[in-house]
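Undergrad: Below are the chains, spelled out letter by letter.
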Amino acid sequence: MYTKKITAGIVAGFIALTMSTGIASADMSKPNTKCNLSGVIKVEKNKAQLCSTNAKGKLSWSKPWSLKKTTMESSDTWAKAAAEGMSAAFGKIENNASKPVTIVAAKSPYAKAVQLHEVVMKDGMMVMQEKKGGFTVKPGETLELKPGGNHLMFIGLNKTIKPGTTVPITLYTSDGGFVKLNFMGRNFAGANEEYPEGEEGGMPGHGSGEMPNSDSDKKPGNHMEGMRK
Amino acid sequence: MNKTLLIKTFSLVLVIAGAVLVTVGILGVTNTTTSDTSIQLEAGADNGITENSINAPRPLSEEVPISTSAVTPFYGERQAGVDSSVNLFQTFLGYNLDREDKELARSALVVITDDAARLTQGTPALGDMEPEIAQEPANLTITVGVGENFYKIIGKNKPKQLVKLPAFKTDKLQPQWKQTDFVIQISSNDPLTLSHTIRMINKSLDSIATLQWRQDGFVPVADAVPGSESKRNLMGQVDGTVNPKPNTEEFDNMVWVESSDPSENNGTVMVLRRIKLLMDEWDLLDQAAQENSIGRERGSGAPLGGVAESEDIPLEKTDANGLPVIPLDSHARVARGDASGATIFRRPYNYDEGLVNGEIEFGQLFIMYANDLQKGFIPMQTRIAESDSFNEWNETIGSSVYFILPGAKEGEFLGENLFT
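As you go down the protein sequences, you meet chains A and B in turn.
Numbering-wise, our numbering puts 92 at position 92 of the first sequence, and it's gapless, one number per residue.
Numbering-wise, our numbering puts 286 at position 57 of the second sequence, and it's gapless, one number per residue.
The set of hints was computed from the structure by calculation and includes no laboratory data.
In this text the structure is predicted, and so the values were computed from the model without any measurement.
Accuracy of the hints is not assured; some may be wrong.
Below, computed lysine to any residue pairings styled on SDA-like, alpha-carbon distance capped at 25 Å [stated by the list, open to error]:
no., chain 1, residue 1, chain 2, residue 2
1, A, Lys162, B, Lys331
2, A, Lys146, B, Met358
3, B, Lys432, A, Asn192
4, A, Lys162, B, Thr352
5, A, Lys162, B, Asp435
6, A, Lys92, B, Lys638
7, A, Lys162, B, Glu359
8, A, Lys159, B, Asp435
9, A, Lys146, B, Arg347
10, B, Lys331, A, Pro168
Whenever a hint applies, use it, and build me the whole structure from the sequences.
TA: Encoded structure:
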């Protein structure tokens, strides 16, 4: 009698676990858009979902939200030319509305994900990391994305960013807005997500970047490897 | 007649004549004195100018203002750098595209335009690591010309004005200075600005095009003769006489292309020739022999025996022996041919090159802009190659021709019309 209850409980729990896992993986996800990378945003029928780490540190999709086109002025927008791996985009984004605007996600056909990054001081070192909560721009102010500061990060390039070509990036805001902006591919030696020899860590979520002329693909601590399970 | 009356009348006449002579003499002296400090160059002006006053040494402390913040507009119907005032330093960068690829050709023009639109206006280029230098443009101009091969690469017919130069008899062309797919002319009054701009543009073109050669030039700060727009070359000569003035009808007719094709309208053709001066051989001549070879006075730039640079060359004038004052094979006369006015617009720069085969090379970048090479330049250069005595002291070691693209409107890139 006792054993039966336990067994039933275990079976029920097992079924619940598999079902919940099944729901999580089957719920509105296309086979090629998995929540396996922070910053991935999928758009379906004018609704968007953002993949990010939840409170438990697990990657999961957000609830879907409705999208409507919006406008934002931008200038001096450019993306660092790169053949594979990671790259970055910079420029000035203005908020001409009367209310603050928060950019929460970005998407580009050029990469698996486009993350929002900040650079902060941690334990005496400059560290780049995803900006929790996104970039908030006050009314009338300009968000400046630049090397060494806030920037957009291409994670997992699908296509080569070539100098002189146009890279589109769509920005998504917390109030459901989205706007497509153009970034010009430009040669740029800096903005590498690499630290000099001997300096490890200090950059959670960042490993070595595959920039042009860099042929090392698998440096230790490459966060891409850790995430692709 | 009474003898006394005769004497008195005669004396009076003498006195009056004397007074007149003295007055004329005083006026004459006064004129000469003032003309030492104000030199008028109008031919035939009754100003008492003598040859000596033109050749007199000029004050060394002449101030020529140069503004580092000065800006030459970039966007417009025509590119800057052709009719703009001459900057002190100019560099030509000759590029070949990395691949014969239309998209690459387009990318080249896109990135150059982006850099040029910013840097010429005193703003840093995108990703510029030296923004402080960019803030001192000093009239920076960046001008793009494309060669025959560029049109081939993009699959478009070249403009009819972009003709191939014939091989001139006296050419001694070296392969290192040969024709390239496109050229970028960069010019500024500030050498640091120029160098930074060269570096920025070259970085921008990495993986798009590769630099084949660079040709650097300079002009003196002061004009050769006050009021003239000519500058001196390395032989100390007044260079640039008989040249149409920018923003005149004569200039427009000679320089700018008129076409129904928007990728050609308001362009022009540039000829860039690298002319090495054989200075050591030139040193063996005395001043008179040098001036005879050119046909002009070195100091003033006037035709031999003349007074002002602007005088027309006196073709018929002969000396006591019945020989032409302006030798038949002198450079100025041969270049002129039968025309009485300007037939080409040139904007030359001097150069001196590091060490080439153990020697410093001194020369001139002969730069000419025209809409019809068959009309002006080709016949002139053919004549020069045939019979110019000055050929003995110079050697053309490089020659290339480019179509200077029309200007761009804001939001466009240079040559955008080539891709529509």
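Undergrad: Holds or violated: are the alpha carbons of B:Lys331 and A:Pro168 at most 25 Å from each other?
TA: holds (21 Å)
Undergrad: Does the alpha-carbon distance linking A:Lys92 and B:Lys638 stay inside the 25 Å limit?
TA: Holds, at about 22 Å.
Undergrad: Holds or violated: A:Lys146 and B:Arg347, Cα atoms, limit 25 Å.
TA: Roughly 17 Å between the alpha carbons, so the hint for A:Lys146 and B:Arg347 holds.
Undergrad: Taking 25 Å as the top limit, are the C-alpha atoms of A:Lys162 and B:Glu359 close enough?
TA: With Cα atoms ~23 Å apart, A:Lys162 and B:Glu359 stay inside 25 Å; holds.
Undergrad: For the pair supplied as a hint, A:Lys162 and B:Lys331, confirm whether the alpha-carbon distance does not exceed 25 Å.
TA: holds (14 Å)
Undergrad: Sort out whether B:Asp435 lies within 25 Å of A:Lys159, counting only the CA atoms.
TA: holds (18 Å)
Undergrad: Is B:Lys432 within 25 Å of A:Asn192, Cα to Cα?
TA: holds (17 Å)
Undergrad: Would you check the hint for A:Lys146 and B:Met358, treating anything up to 25 Å between C-alpha atoms as holding?
TA: holds (12 Å)
Undergrad: For A:Lys162 and B:Asp435, compute the direct alpha-carbon distance and say whether it is at most 25 Å.
TA: Cα-Cα ~10 Å, so holds.
Undergrad: Take a quick look at whether A:Lys162 and B:Thr352 sit within 25 Å of each other, Cα to Cα.
TA: Roughly 24 Å between the alpha carbons, so the hint for A:Lys162 and B:Thr352 holds.
Of the numbered hints given earlier, the model fails none.
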